[in-house]
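Participant: Residue-level listing of the chains:
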Amino acid sequence: MEEIFSTVVIVGILTSAIRLATPYLFASIGETFSQLSGVLNLGVDGIMLMGAFAAFFVVLNTDNLWLGVLAALIVGLLMGLLMSVISVTLKAEQGISGIGLYMFGLGLSSLLFKVTVGTVKTVEGFQPIKIPVLGDIPIIGEIFFNHNVMVYMAFLLVPLAWWVLEKTTWGLRIKAAGQNPAAADSLGVNVNRVRYMSVCLGAMLAGLAGASLSIALVNLFQENLTAGMGFIAVALVYFGGWKPKGILGGALLFSTVSAFQLWVQVLGVNIPSDVAVMLPYLLTIVALAFTMNRAQQPASLNVPFQRGES
Amino acid sequence: MKNRLVIVFVLIALLAAACSGPAAPAQPAAPAQPAATQSVAAEKFRIAVVMPSAVTDMAFSQSMWSALKAVQTKMGGEAALELKYSEGMFKVPDAAAAIRDYASQGFDIVIAHGSQYGTSVQEIAPDFPDTTFAWGTDVNTFGLPNVYAYTAAAEEGGYVNGVLAALLTKSKKIGVTGPVEVGDAKTYIDGFVQGVAAVDPNINVSKTWTGSFSDVALMTEAAKTHIASGADALTGSSQSVVGSIGAAKDNGSVLWFGTQQDQASLAPNLVVASQQYDWRAMIEEMIKNHLSGKLGGDKFVLQLKNGGLQIIYNPGYSLPADVKKAGDTAIEGIKSGSITVNP
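Going down the list, the sequences are from chains A and B.
Letter 147 of the first sequence, counting from 1, is numbered 228 in this note's numbering, and no numbers are missing.
Letter 200 of the second sequence, counting from 1, is numbered 252 in this note's numbering, and no numbers are missing.
These aren't lab readings, by the way, just hints derived from the structure by calculation.
Using N, Cα and C, we set each Cβ at its ideal position, and we do this for glycine too.
Take these hints with a grain of salt, some might be off.
Quick list of simulated restraints, FRET-style, between CB atoms [stated by the list, open to error]:
#, chain 1, residue 1, chain 2, residue 2, range
1, A, Leu192, B, Gly349, 32 to 42 Å
2, B, Asn358, A, Gly222, 47 to 57 Å
3, B, Pro253, A, Gly188, 47 to 57 Å
So here's chain A without its partners, still in its complex pose:
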């Protein structure tokens, strides 16, 4: 039982946690852009599946991992455009259209997989790269600096997203479109264009989230590969209070508890497996209840912009 506090186990838990947080970071940060501009996109999981399939399919056929990443970005963009047309131009109810997009992505990715690949196959995904010098630091190096390139990308995205949202005019416009679109409009911001761009950016990141599963972490595709991760990613946006660093905290908390429960089982700690499996979800709900700050929610989230109405 004291084994659980040994260095091997703690390093193991944290290394796993970093890996497990990767798809959530991509998807949640993407969703943050979309929501800050005023569009609730519940289709993240469907976009992830399409991105995962596209990346997997391209890598399977070309063995070129970066081409796979590109494919995921393009497919994400297309899915984002679809969501934008429905929810921004046609002003459909966002929650419903997002769920529709999810089901579309789930169905289409399964169908394409069945028709083009058929059976379960694995690919050679991105291999871990040890960062020179930093990777040699005992313990820290092992936990943080010995991962594949998509893991690094996900974590670098956090400060990058913060910088875009807080320090650039574009970030200001995004937030204005979501807070007070009428005021933004009167100041010459093209609200719908900003929303299009934010939703598409979010969807491209969701595509990357999918690719991080199919060509970096799991290295295969199967029907419903994401198993609902996209929805947890949406929850993490609320959890993180629409701030990249909040999302980072939420994603790491969730992934650390997931990794912890796996180690608890591996070490044979005597609790029922069902309880262990429940842990991450329980903890997330509890943390959500205590940390949730609704004041930060974009005021016009879920409200289509109509010029002349306010």
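We have chain A; now place chain B onto it with these hints.
Facilitator: Relative to chain A, chain B alone:
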């Protein structure tokens, strides 16, 4: 307003008529069956199967589908045996609807390939007394004359894999990954643990359950966790094991033991052996029985002894001769009954 209501009612009535339409001819079709059985040889035999996961899952569903295809080829192709399937039926109400549909379309045998479909079969089977229903994995036929139940003694192959793993592990640590502690996922692993203990009770077998049949990412991480804790041999059951095999493959030196389906193609250098479910003999017997008028009432258990379970050594892995011999001895022991494995 009243006009609208009338229109709505008319529409509902039309819809209802349209829906009951296909069901109505199904009733007369049933009595017509005896005539069909007389000209057995000429008539095409029809089997439909409803499955929870995809037919290409490299595990449970695929084992049934490849068996059906093999039987079809043996019987003379599509002209002699028509096969239809519905896959991805994780939701039981959808599966129940599919089972009923196939039955009303006059399929001779409808297979409900999932233990979660039991209550649906129990409810539907009495409505179609001329159709054979088969479901598994379970042993309960509900006392109905047209229901077969089938199951696999997964613990037998688990035991053999356990013996092999115990002889091959160097770190004396073996990891097991599974979705939920039920059904043949559990019995396989129970057998595996007994097999390991029979060789060396000091080997540490640790188990993780992810709580989900579909969360491949977590299953992969579970396997990586085992590897990080020092395990050098892994096994697991159910559909999402492919993720674990991926993790083993990435590591490059961890051995894998498969079940349900020959999984060697997923990691040709690392898969030592797989327990293959072979449903062919069972399907052939059900067809034979159906044609002679016996529609159900029995249970089938896949065993090593009756050929329903087979241990397939991966030719791509060079298994030491003495280890293979120990595996074969275990197989023979289970067949002859000198080794008993508790499910």
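Participant: Decide, hint by hint, whether the structure agrees.
Facilitator: Tested hints:
Remark: the range hint 32 to 42 Å for Leu192/A to Gly349/B is upheld by a beta-carbon distance near 39 Å. At roughly 55 Å, the beta carbons of Asn358/B and Gly222/A sit within the given window of 47 to 57 Å. Hint check: Pro253/B to Gly188/A, Cβ distance near 50 Å, so the stated range 47 to 57 Å holds.
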